[in-house]
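Asker: Residues per chain are reported as follows:
Protein chains: 2
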Amino acid sequence: MIAVIGLGKAGLPLAATIADNGFNVTGVDIDEERCKMINSGSNPIPEESGLDDLISRHGGKKLFATPRYEDAKDCNLFIIIVPLYIDSGHDPDFTIIESAFRSIGKILKRGDIVVLETTVPPTTTENLGKKWLEEESGLRLGDFFLAYSPERIMTGYSISRLREFPKIIGGVDEESGKRAYEIYRMFIPNLFLVSNAKTAEFIKVIEGCYRDINVALANELLKIAEELGVDFYEARQYANHEYCHIHLPSTGVGGHCIPVYPWFLINEMEKRERYGKAKLLRTAREINDDMVNYWAEKILMECMKIDMPLNQVKICIKGITFRESVKELYNSRNFVLAKILMEKGMNVGVYDEMFSAEEIEDLGLLWRLPEEAEVIFDPFALKNVVRSGKTRIE
Amino acid sequence: MIAVIGLGKAGLPLAATIADNGFNVTGVDIDEERCKMINSGSNPIPEESGLDDLISRHGGKKLFATPRYEDAKDCNLFIIIVPLYIDSGHDPDFTIIESAFRSIGKILKRGDIVVLETTVPPTTTENLGKKWLEEESGLRLGDFFLAYSPERIMTGYSISRLREFPKIIGGVDEESGKRAYEIYRMFIPNLFLVSNAKTAEFIKVIEGCYRDINVALANELLKIAEELGVDFYEARQYANHEYCHIHLPSTGVGGHCIPVYPWFLINEMEKRERYGKAKLLRTAREINDDMVNYWAEKILMECMKIDMPLNQVKICIKGITFRESVKELYNSRNFVLAKILMEKGMNVGVYDEMFSAEEIEDLGLLWRLPEEAEVIFDPFALKNVVRSGKTRIE
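These protein sequence lines map, in sequence, to chains A and B.
Start counting the first sequence at 348; every next residue gets the next number (the working numbering).
Start counting the second sequence at 348; every next residue gets the next number (the working numbering).
The following block holds chain A by itself, in its conformation from the complex (with noise of 0.2 angstroms):
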């Protein structure tokens, strides 16, 4: 019997392609009536494609959903899969997960093997997972099996990651690399072991590096090709082959992966003295961040053409999500370009079709159809549009 803990967008699909497998797996999550959704056979993330006809014909049965750790105490996989926050330090918040590997510990029998999913900081598994499950457990590693093995997967399209995508797995030791290595390739077709946990770990975290670095780069060079009169765009298009994979630019980083992921990194170098070490990924970091700024004073520049009072130009930021039809802002720099806009004393308004005017407000902000202002910016066109007919004639 296999547990998986946290029902969430990365655990849930995980969980049920598990069951799908053939395996008995007892879903945990502290949301009870997600529990309740699941195991009466309906499907809480319908955006998950092909997640439907999983649930259906496992939920409540091969895929048992609960809010209590005992009822996977004769469970001999452990698999945590739950979210980490960083505050605003830009540490991690371990609260979540300590508490996922501290209850496990607390079920925790001899011959066990328990693995992580959420991506973590480089060495995590086998300094602090480690620690929390023997504290528990009174075992000690060798008794039960300890390994790491990143999701990769993308909303959407999650279950044919976890059927199709290359995967990793790396023990804390040699033997807890091969058991947990043996046990994941019954359900997870395209495994790879890796040397060690931490390897694995890494390996997650510089996929994001690689990404962050890349939009930092678009962006840069955007900014660069505005200077000279170059539209970036034709020369992305122009310049990107097999050897050249310039990304595109954007309002910035959002979401609970790209932007945080270098931050281990940054941070870990920082504690070690090393601050030279990460200079490229906080640099990186920087400009994407910086990039709502950036977009502010070019939708002001375009407010300025309107033949009225800088502050009563009806702006329209139409879209605040942190990705395009993903209702989702953490770490959202769209809503942040909103908040720098109302800072300013502009007269913005946000419309943004997956949300109602209520839910904008409760944010904050001012709920504003395009129609009704006179400069729009759309953050995934990346384009200002300025009505016209109240162009202020020059």
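Hint data in this document are derived by calculation from the structure and do not stem from the laboratory.
Incorrect hints may appear among the rest.
All copies of an identical chain are treated as equivalent in the list; a pair is satisfied when it fits inside any one copy or across any two copies.
Claimed, not checked - Derived lysine-lysine pairs resembling DSSO-like cross-links, with alpha carbons at most 30 angstroms apart:
#1 K645 to K626
#2 K626 to K686
#3 K674 to K383
#4 K570 to K525
#5 K408 to K453
Source: prediction; values computed, not measured.
Place chain B on chain A using the hints.
Answerer: The following block gives chain B in isolation, referenced to the frame of chain A:
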């Protein structure tokens, strides 16, 4: 008739390819011996795949090489593909390009087309090239036509690149773009017309920036992996997939291209007092240039393991060129690494199978066989090898 100015590594394959498409080509190069060689049908760049055949078939016939611009006076298309160097302040030295433009200007006729292929800072063609041609010819743009089409060769594969790889061209005005595109199409099958010359210039430069940034990322991640006790190469292997292209680390970035191009943009932004708009490019350059100090320290640490006074340990740097298997020292960071170790008072020698002992010594370095050294550093494998037997017993 078509003139190609510059018969070097980029120019000669282009001239030969044009001749092979049935055109009469006049190749202009200051090197008289090289011209004679080409006209006798023998290839001065034997490492260039397929060039032997083209030169033996067309040299002295369809491809006539000459040191005199007057011999090209009946041509209607002039292609400039000469080197551009940068000075110690990272500013381009336009001497050679200016001389080529002015020499063409002296023989330029109404209706002629001039195309620059050398990689240059964006706006060079529209600002400098146009001015030089107008000053010398007495004609005005519109009487003649001017465009830019960056070379995208790769030493060894230039001819297949010209036949297959996408190539772009852009005019300093619309008519120039159209006319240059129409004639280039006759010998470049995979050709794209872009909005203008500066877009084409920008495209070439940002390809180099992408490479430089991503090598800097690899170098930074290598250092962080080392701090964490993770094998970077193993991590890279599993991190890379369809959406992730982490590059290889190195002793820095050498040669005429990649380390030079980012400065075109950095310097331009600084001239405009837009320093902050190129800070990622600048940070990447600094990281890559600093790698020689990182490796020098690593080599020193290896030397300390040998039981003899530090400055007596015989070091061998096995490889001195900027790239493996290319006998070229321009911007070679491996050469700089050897010099740094010398300046530190270390007993450093150099071995490179492409150089004789005399050639190494003419460079102010000590020649040494790897088997005579206690510590060997291979910059192309990024490996320190410490000879056993003399290892300090601790």
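Asker: Does each hint fit the structure? Answer for all of them.
Answerer: Now the hints, each set against the structure:
1. K645 to K626: This pair counts as both: shortest intra-copy Cα distance 28 angstroms, inter-copy 20 angstroms.
2. K626 to K686: Both. Shortest intra-copy (29 angstroms) and inter-copy (26 angstroms) distances satisfy the 30 angstroms Cα cut-off.
3. K674 to K383: Answer is within: at 23 angstroms inside a copy they meet the 30 angstroms cutoff, but 70 angstroms across does not.
4. K570 to K525: between (49 angstroms within a copy, 28 angstroms between copies)
5. K408 to K453: Within. Shortest intra-copy distance 26 angstroms satisfies the 30 angstroms Cα cut-off; inter-copy 87 angstroms does not.
No hint from the list above goes unmet by this structure.
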